[in-house]
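Those protein sequences? They're chains P and C, same order as listed. Letter by letter, the first sequence follows residues 1 to 481 of the working numbering. Letter by letter, the second sequence follows residues 1001 to 1452 of the working numbering.
No wet-lab data here; the hints were simulated from the structure. Ideal Cβ positions, reconstructed from N, Cα and C, are used throughout, including at glycine. Check before you lean on any hint, since a few could be wrong.
A few chain C positions that, by computed beta-carbon distances, are all more than 10 Å from chain P [to be verified]: (1) 1159; (2) 1163; (3) 1365.
Simulated DEER-style distance windows between Cβ atoms [stated by the list, open to error]: (4) 1260(C) to 147(P): 36 to 46 Å; (5) 246(P) to 1030(C): 28 to 38 Å; (6) 1266(C) to 46(P): 57 to 67 Å; (7) 1073(C) to 380(P): 17 to 27 Å; (8) 1316(C) to 216(P): 43 to 53 Å; (9) 431(P) to 1443(C): 41 to 51 Å; (10) 480(P) to 1405(C): 26 to 36 Å; (11) 1287(C) to 49(P): 36 to 46 Å; (12) 1030(C) to 431(P): 54 to 64 Å.
Here are the chains, one letter per residue:
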Amino acid sequence: MKTLNFTFFACLLIVTLADGTTWADGNRKGKDVVPAYKPKSEEPPKPVVLPPIHQKTFANGLKVIVVEHHELPIVSLRLMCKAGSFFDPTGKAGLTQFTTSLMDKGTETLSATDIAQKIDFMGGSLNASSGWDASYVETTVLKKYLSSVAELFRDVALHPAFSTEEIERLRQQTLSSLETDKDQPESLADKEFNRWLFSGYPYAQPIEGTETSVASFSRDDVLAQYGLIFIPNNAVLAVVGDVDAETGFDLAQKVLGDWKQGVVPSVSVSMPAPPQGLNIHLVDKPDATQAQIRMGHLGVSRQTEDYFPLVVMNYILGGGGFSSRLMKEIRSKMGLTYGISSGFAMRMHPGEFVIETFTKNASVTDAIKASRELVKQFQVEGPTEEELKAAKAYLTGSYPMNFETPSQIAGQLLNIEIYNLGSDYIAKYRSRIEAVTIAEVRRVAEKYLHPDNLDIVVVSKAQDVESSLKGLAPVTVIGIE
Amino acid sequence: MKNFTLTFLLSLCFLAAAMAGETPTRNFLDPTALGIEEHFLANGMRVLTWEDHSAPVVTLQVAYHVGSVNERPGITGISHLFEHMMFKGSRKFGPEEHANIVQANGGRLNAFTTNDMTLYYENIAADKLELIISLEAEREANLAITAENLASEREVVKEERRMRTDNNTFGDVIEQLMTNAYVAHPYTWPVVGWMSDLDAITLHDCQEYHRIHYAPNNATAVIVGDFNTLEAIKLMERYFGRIPKQEPPPPVPTVEPAQRGERIIYLHRRAQLPMLFAGYHIPAIATADMPALVMASKILSDGESSRIYQKMVYQDQLALYAGGSADENQFPGLFNAYCGMNIGKDIEEGKKVLFSLIEGLAQNPPTPEELQKAKNQVEADFLLGLQSNMRKGLQLASYQTLANDWRLMFKEPEQYQAVTSEKVAEVAARYFKPENRTTVILIPEKGKPTQQ
Chain P
1 MKTLNFTFFA
11 CLLIVTLADG
21 TTWADGNRKG
31 KDVVPAYKPK
41 SEEPPKPVVL
51 PPIHQKTFAN
61 GLKVIVVEHH
71 ELPIVSLRLM
81 CKAGSFFDPT
91 GKAGLTQFTT
101 SLMDKGTETL
111 SATDIAQKID
121 FMGGSLNASS
131 GWDASYVETT
141 VLKKYLSSVA
151 ELFRDVALHP
161 AFSTEEIERL
171 RQQTLSSLET
181 DKDQPESLAD
191 KEFNRWLFSG
201 YPYAQPIEGT
211 ETSVASFSRD
221 DVLAQYGLIF
231 IPNNAVLAVV
241 GDVDAETGFD
251 LAQKVLGDWK
261 QGVVPSVSVS
271 MPAPPQGLNI
281 HLVDKPDATQ
291 AQIRMGHLGV
301 SRQTEDYFPL
311 VVMNYILGGG
321 GFSSRLMKEI
331 RSKMGLTYGI
341 SSGFAMRMHP
351 GEFVIETFTK
361 NASVTDAIKA
371 SRELVKQFQV
381 EGPTEEELKA
391 AKAYLTGSYP
401 MNFETPSQIA
411 GQLLNIEIYN
421 LGSDYIAKYR
431 SRIEAVTIAE
441 VRRVAEKYLH
451 PDNLDIVVVS
461 KAQDVESSLK
471 GLAPVTVIGI
481 E
Chain C
1001 MKNFTLTFLL
1011 SLCFLAAAMA
1021 GETPTRNFLD
1031 PTALGIEEHF
1041 LANGMRVLTW
1051 EDHSAPVVTL
1061 QVAYHVGSVN
1071 ERPGITGISH
1081 LFEHMMFKGS
1091 RKFGPEEHAN
1101 IVQANGGRLN
1111 AFTTNDMTLY
1121 YENIAADKLE
1131 LIISLEAERE
1141 ANLAITAENL
1151 ASEREVVKEE
1161 RRMRTDNNTF
1171 GDVIEQLMTN
1181 AYVAHPYTWP
1191 VVGWMSDLDA
1201 ITLHDCQEYH
1211 RIHYAPNNAT
1221 AVIVGDFNTL
1231 EAIKLMERYF
1241 GRIPKQEPPP
1251 PVPTVEPAQR
1261 GERIIYLHRR
1271 AQLPMLFAGY
1281 HIPAIATADM
1291 PALVMASKIL
1301 SDGESSRIYQ
1311 KMVYQDQLAL
1321 YAGGSADENQ
1331 FPGLFNAYCG
1341 MNIGKDIEEG
1351 KKVLFSLIEG
1361 LAQNPPTPEE
1371 LQKAKNQVEA
1381 DFLLGLQSNM
1391 RKGLQLASYQ
1401 TLANDWRLMF
1411 KEPEQYQAVT
1421 SEKVAEVAAR
1431 YFKPENRTTV
1441 ILIPEKGKPT
1451 QQ
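Whole structure, please, built from the sequences with the hints as guidance.
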């Protein structure tokens, strides 16, 4: 059955191979050819080693961080303005993203095609984008192009043209993109969940806008949004890669040193009321053979004092991949889905807590019921010692992997800036995770999970699933157009 | 545990894009200077090591030279289903314990299956290398799957198929492209498998699959990161060294016959906007025309200044997205072309423009500036591909498994630099022609249910 033509190797341990070695046959007879691993005595994890990091604040308020990373001849510039789509004006959802997308589509001296040709010729990338809490201009190039890209970067960041021609072009693109999104069950589910849970709050609207809002953007809207967000005294520039501190700061000075200050924007909106009881919104997608499911409620902001216990708690519940309770039960044991996870969207303002999964139409109620029961049981039982230990070991042990590439390092540092996490954040991360106790996990599971008050969104073929869903909770059916 | 079909192959093509050029880059093209070493265990297992001490982390990847191309009708999807079974327990560990142990030691892990390869990886703190080596050896040698595990995992994979293909317009269109572009070669069936075959695969099929394909002499292990090569090889010998070698798996004998005329498929399904995916048959990885085909894909579709983007997305505003890319597969693959239409734009117009840009490359060869731009792009791509251990490992494992030559990763950059404008025009004329083309056009219909 198998050939055992095996030559002994000098430093190989002595081996006797039995004929009866079995392969994947479910029984465990025969000699084991793989020695058991014996862990060495537990050593504390090695500290996170960061490359040299230098910081300076310019006269105009711009904070500059230079990260020296000399492994490869690559340099990135990442400008982050600490305001994003949360500042979309009422009725103008998507305006921030629309504005940033236009920034590399022409400046006072260069057309969109000029910019594309220049950056492509360097083999690099240059783009502007935004999220809920921040807006970005980023470029990555080989070091030999650093001075040419610096000019281009300055032009895109400080002198975007926002021509009406480019505005119309992007409007058509965005509308087409919104149209294709309707084919994606995942996108339909996310949008309906946010629209419903955050009704009246900025997060209710898709970050890319709606057909109505996108149709309404004027050039004045775009100029105003750019002026609101892109100011040096609310921004951080990270220069990361094969540069020394002096070169990095000189470059930053040349690129953004004369950028004029503005007024730091602020906005205050009151939170929507939390869900009461169980309610289902069923988005009817008549061709669906699988149901996309979102179930959740309001969560917390990134500034929550319970951040560390929440991270540990959620890892055990549904954030920990194969090691999470939801995955073990709903996928590995019941075979109901390919993937299930839970998570808190932690931003400047409280986002959602949501459990996401998908299953064939016939098992949609089983998946919802089982997930909900699991959460309730978790609140009653709390985590086991073993689960807590494994969660902490993962979170502390995997932490250095977030600092492997220059781009990851920059991302981590900017995250600290935006949420004001403190200069000792990286150094203290592991001890803060280690400090989490079973009692704390139980407390935050009790405080922040509300399995009896859930907004539940299902995207599926209503004809297949509506009647069984009605057995769980009141159902509102919604069409796609 | 993903299955990557065309999308993965598209990205591999970008992984594969690389270049030589002037001084700083040249230092990164010498595997010996980079410290890459090749070793063989006595049982035939290949081990590639690449020390990089810049961060205290390490990646271990085990690539088995098996993918959907090694299947047959009746058990399509077994390579990928089997990949899932590799997480379901072994002699020493219960179902999912492998993953739980890795995570409880601060590691991240996953696996993926393509047409040509199945790869398992762990990324972890450097001092846990022995642990992950022992775990990978354990499931290679001692996998212990049961009927019960197979039953639940079969359902998991069916959900994966429903998500990625049946309920996803892109997945559906790409599956139709592959299955129509190939009439004989196993690339004709999807990596995830046909639904009926997923139902039909037996425990015995899985056991046979493991016996035949999961042999040390059919695998390449790659270790990249913060470790000592000598010590790592000793660990590989200790844990993998006694796993017996097997007869080599049977070769894939079927050769796709030359296409003898244009094929066009109109796929009617519920969707908002029309789109098109097409493929021209091209040769396999590591053949003489490949560098010019990769350069053609750069000129046609890398960046917003590329020909297809400029014409279709920017100037004419026909398409929301459009492009082209060359597969670099173990067996002859496709040069892919695609476009998704903007609201109100005619797909037949999109098809005409897209094909005229691609097929027109023969008459309108790259300008010197376009060619230099493409060469600069592959140079940057190559260096960016060296930023993470994971990415470096994936490239070594892929080149070794698909081309039987990991050194190709460092040879291709120079091959790209040598490509001339005439050569690009020549390969365009050879491959980019209607009779060598298969096209799938998605015609949106309201109220059309998904095919089960």
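Evaluation of the provided hints:
Against chain P, the non-interface label of residue 1159(C) is violated: not every CB pair exceeds 10 Å, the least being about 4 Å. A beta-carbon of chain P comes within 10 Å of the beta-carbon of residue 1163(C); the shortest separation is about 6 Å. Distance check for residue 1365(C) against chain P: the nearest CB is about 18 Å away, which clears 10 Å, and the non-interface claim stands. Between residue 1260(C) and residue 147(P) the beta carbon distance is about 55 Å. The supplied range of 36 to 46 Å is therefore violated.
Hint check: residue 246(P) to residue 1030(C), Cβ distance near 31 Å, so the stated range 28 to 38 Å holds. Between residue 1266(C) and residue 46(P) the Cβ separation comes to about 58 Å, which falls inside the hinted range of 57 to 67 Å. Here the CB-CB span from residue 1073(C) to residue 380(P) is close to 50 Å, at odds with the stated 17 to 27 Å. Evaluation of the 43 to 53 Å hint for residue 1316(C) and residue 216(P) yields a failure: the beta carbon distance comes to about 26 Å.
The beta-carbon spacing between residue 431(P) and residue 1443(C), approximately 59 Å, falls outside the hinted interval of 41 to 51 Å. One distance hint, 26 to 36 Å for the beta-carbon pair residue 480(P) and residue 1405(C), is violated here, with the actual separation near 50 Å. One distance hint, 36 to 46 Å for the beta-carbon pair residue 1287(C) and residue 49(P), holds here, with the actual separation near 43 Å. The given range of 54 to 64 Å is broken by residue 1030(C) and residue 431(P), whose C-beta atoms sit roughly 43 Å from each other.
When the structure is compared with the earlier hints, violations turn up for hints 1, 2, 4, 7, 8, 9, 10 and 12 and for no others.
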